[in-house]
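Please put together the full structure from these sequences, using the hints given.
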Amino acid sequence: MSAAHKPAASRRTFPIAVVVALVVVLPLFVYTTRLGISWRASSARLVELEREAASVQARAAVLKRAAETLRTHDFQVCNRSGDALTLPWVAAVHHDGQSLRLFDSSRCQGFRSPPIYAGESRALLFSSTQEGCNWGGQVLFYAMNAVRESDSGSASYNLIGAWGRDFDPKCFNLR
Amino acid sequence: MGKLRLVAPDGSVLELDKERGVLGRDKDCDLRLEDRSISRRHVVLEQREGRWHFTDQGSANGTQLDGRRVSEGALAHGQELKVGTVALRVELEDDLATVLIDPSAAIDRTVVLAATEADPPTPRRPTPPPLPPPAPPRAAPAAGLGPREDAAARLGVAVGASSWEVKARYDEMSADLEARIASAQTPHLQRTWQKNLEELRDAVRLLAPDLLLDYAVSDLPSAQPVVVPESIDAPPSMIRGPGASIPPEPAPRAARRGVGVAFATLVAFASMLLVAAAVFFMLSTGKNQEEIARRESDAAYLEARETVARLAPVETLLRSGALRNGRLRLCNRAAVPVEIAWLGAVYLRPSALPAGSDAQLAARASGFDIATFNSAFCAREFNLTLAPGEERDLELSSNEPRCAWDGSALFWSLAAQRAGALPDPVPGAAAVADRGTVWMSGLVEPKGGCVNVHGDW
Chain A
1 MSAAHKPAAS RRTFPIAVVV ALVVVLPLFV YTTRLGISWR ASSARLVELE REAASVQARA
61 AVLKRAAETL RTHDFQVCNR SGDALTLPWV AAVHHDGQSL RLFDSSRCQG FRSPPIYAGE
121 SRALLFSSTQ EGCNWGGQVL FYAMNAVRES DSGSASYNLI GAWGRDFDPK CFNLR
Chain B
1001 MGKLRLVAPD GSVLELDKER GVLGRDKDCD LRLEDRSISR RHVVLEQREG RWHFTDQGSA
1061 NGTQLDGRRV SEGALAHGQE LKVGTVALRV ELEDDLATVL IDPSAAIDRT VVLAATEADP
1121 PTPRRPTPPP LPPPAPPRAA PAAGLGPRED AAARLGVAVG ASSWEVKARY DEMSADLEAR
1181 IASAQTPHLQ RTWQKNLEEL RDAVRLLAPD LLLDYAVSDL PSAQPVVVPE SIDAPPSMIR
1241 GPGASIPPEP APRAARRGVG VAFATLVAFA SMLLVAAAVF FMLSTGKNQE EIARRESDAA
1301 YLEARETVAR LAPVETLLRS GALRNGRLRL CNRAAVPVEI AWLGAVYLRP SALPAGSDAQ
1361 LAARASGFDI ATFNSAFCAR EFNLTLAPGE ERDLELSSNE PRCAWDGSAL FWSLAAQRAG
1421 ALPDPVPGAA AVADRGTVWM SGLVEPKGGC VNVHGDW
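As they're listed, the protein sequences go chains A and B.
Under our numbering, the first sequence has 162 at position 162, and the numbering climbs by one with no breaks.
Counting from 1 along the second sequence, just add 1000 to a position and that's the residue number in our numbering.
The hints are simulated quantities; they were obtained by calculation from the structure and are not laboratory data.
Possibly wrong hints are sitting among the right ones.
[To be verified] Covered by chain A, per the in silico footprint, the following chain B stretches (three or more residues, Cβ under 8 Å): (1) 1006 to 1020; (2) 1269 to 1279; (3) 1311 to 1320; (4) 1331 to 1338; (5) 1342 to 1348; (6) 1406 to 1413.
For glycine and all other residues, C-beta sits at the position ideal for the given N, C-alpha and C.
Below you can see the structure in the form of structure tokens.
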């Protein structure tokens, strides 16, 4: 190797490194960066999915309980006693899917409960153009004053509760 | 080959007249120098391939050639060989062929002397056959000599020499000139070498026109110098004879090479890091995608989503406060006292929360435990009369669980009647039949508010 060759060799070292950097490292850097972004997005999605799954399952559990609690039934009274019953006053809470509604017979003109004779079952409902008095007989919570007429006289009972809780929701049995 | 003479600073001369000798302090050395900086067997001096070479014998203080510490090398006339601290000037009695050039002289005044007694240089390339003996020496181009003869004389080959002979000769001479040009320490010297090289090329073009077209100067092989300027006004150390060592690279060039190496190392390291990161990202992303697919198709998750979608109306009801307790507060706006004969309420019972990580969910789910308060079962505990204008928050304490009520309610209903003594009947009017019992009901607003107990009293 002559002295004239050495400078050429030393000049070549730097450009080769630069060429390698440009040809290999830069594309590799871009590729790795894109992979990193993809990895970060997938990790974030995984965390989000985990959080979403927990949230959705919690909401589903709550909504199931709420749906059970808010389920309405037909207001039907079954007279299992041996005497005739009258219901001078009835109140029922129901809902239209948006909010709770109240039917209170004391506010509705013309409401008059017919007697429910022994062994008879009767569904209650009331149609009226009066505000809050058009009731299709659905009930969520109820309150009523029942009067039992017997030979020994009459007895009044005030009742309140959530319909279907602790009894058959198809029939409110009065004994 | 001539003698080697080493001239000490004090003028004393050490002369070696055989082909190999040892210089040192030892009495058995061929050239002996009494100096403490010189080892007993300091350096070997020998002739090889027609040149004087030196080889340091591992001396303590080393050997320097023209101020540069080296362990071996070739010697040229006028160089300074320093053994230990003793500087010796090299004098060669009969060196290799030299070209004596007067830079200001015309070409026809240049004297070209081919090597006569020296061995011809060994060809560096294995392919060509051995060089034929150089052309006979020529003192100077004779007047009227043709250009081809002149070119042949300049290269030291016969006029009818083959192309490879011309090339081999040119390789030797031009490589030496290239080295000299690269290491020339004065512009004058550099111009001289350059001019000499161009003349050589002209000679080759003339003798072998197709030869110089296919290789560049940088591809020229190295060869030992054959030419030495004589009439150049330069110190002897600058005029190097055969075997002169190549001067060290300039510092900036070495530094640039160092930077290049460092940069290459950095690039390699960065590449490895990037590859490692890429592999990690690739594997992790694949794993994440699998986990995402697994979770998105999880049966419990899908069922929960379906449930939430199906029960959207229930959620609307919940958001409207359908299942949110409020405090029941009664107000008597009437002018007469009012007795609450019966009161009932439906409310959400606060339940003891089970321990566990999902306490929040348990709290929300157990918040729908519906309970009922009915004063008909609490005749002893419940006794409420509101004075005119009185307001009362309801709360009932009792050991009886169904009679313990904190006054919260979703839905309430009551039967109220006029309390106290009934007014005297108005003369002529119908007698008051009873106390005028009224039934009332309502939903408790979570924000609160007072329920006005009223009747036709």
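Each hint tested on the structure:
1. 1006 to 1020: Contact hint for the segment 1006 to 1020 of chain B vs chain A: violated, 0 residues under 8 Å.
2. 1269 to 1279: Coverage by chain A holds here, the residue count being 6 at a Cβ distance below 8 Å.
3. 1311 to 1320: holds (count 8)
4. 1331 to 1338: violated (count 0)
5. 1342 to 1348: holds (count 4)
6. 1406 to 1413: holds (count 3)
Violation of the numbered hints given earlier is confined to hints 1, 4; the remaining hints are satisfied by the structure.
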